[in-house]
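Undergrad: Sequence:
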Amino acid sequence: MSVPQPLRGALRVLFLGDICAEPGRKAVEQELVVLRQQLGVDFVIANAENAAGGYGITPAIAGALLKAGVGCITTGDHAYDRKEVWEYLGTEPRILRPLNFPPQAPGRGYGVYELGQETKGTDAARVKVAVVNLQGRVFMKALDCPFRTTLPALDEIRRETQVVFVDLHAEATAEKQAMGWFLDGRVSAVLGSHTHVQTADEAILAGGTAYITDAGMSGSFDSVLGMSKDLSLRRMVEMVPVRLHPATGDVRINGVWVDVEPASGRALAVGRLSHMVVPAGNQTSLAGV
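Just so we're aligned: 207 in this note's numbering is position 27 of the sequence shown, and the numbers increase by one with no gaps anywhere.
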């Protein structure tokens, strides 16, 4: 998929869809430096709540993704699947859990990150990017309202930057679209995650907010949402509650890029990314959990 170069003076942010298991995270670790260079990316956000075998994330995996060039890691309903990450969520500011989790839950729901001198051009250098992590409530566990929870956080964030990206980790299309309209003109982008299926509805809304219902998945596409087809079919056809394991073939990186005007935070352009890493049928490279 051809991606245009960033607009003059714009800040380009890349959001990677749910990184699923070892195929997804190895693909990101292997390809991200080149992708950043080719696409002119200034900052990378990645949802990685499925990076550890499809279930949660560990400090070691988070550290590897950050070292590879991810600037902020978001999560969702699998944020606490791995006990060893609980303390890490409270000490590493570059990994988030949903803001509308209970206040006493480990971790934080948003972060503000300053871009360094390594960014291209003077307009992007030293710009701050805020990331807000939210989780939906429709067809998911009961949580505080993601709509009402967001506004006080935005009041705090705007004291530091106008560039605000929201990862809404949610199941229902309607809830995601509603959040897009609710935050239109208040944030730079509302980008959906969780379903692992990239949608084709990217747009810049009337108030200048970029939107997509789901950014997709980084992982094996010879699969059911990144997991073994055979095990998934056994669950659905035979009703046997087997534990799912990651698939390995046809590895791709899905995501969304957004060009933003640094001063106002308004989105100027948005587009999808689908980058093939391992061709369909290849079951050897980037395999594992």
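Don't read these hints as lab results, they were simulated from the structure. Errors might be hidden in some of the hints.
[As the list claims (entries may be wrong)] Pairwise CB distance ranges (calculated):
1. R339 x T271: 20 to 26 Å
2. D324 x G365: 21 to 27 Å
3. V213 x P273: 18 to 24 Å
Idealized CB from N, CA, C, for every residue including glycine.
Undergrad: Confirm or reject each hint.
TA: Right, here's what the structure says about each hint:
Distance hint check: the CB atoms of R339 and T271 are about 24 Å apart, consistent with the given range 20 to 26 Å. For D324 paired with G365, a C-beta distance near 23 Å keeps the hint of 21 to 27 Å intact. Taking the beta carbon of each, V213 and P273 are about 23 Å apart, inside 18 to 24 Å as hinted.
In terms of the numbered hints stated before, the structure departs from none.
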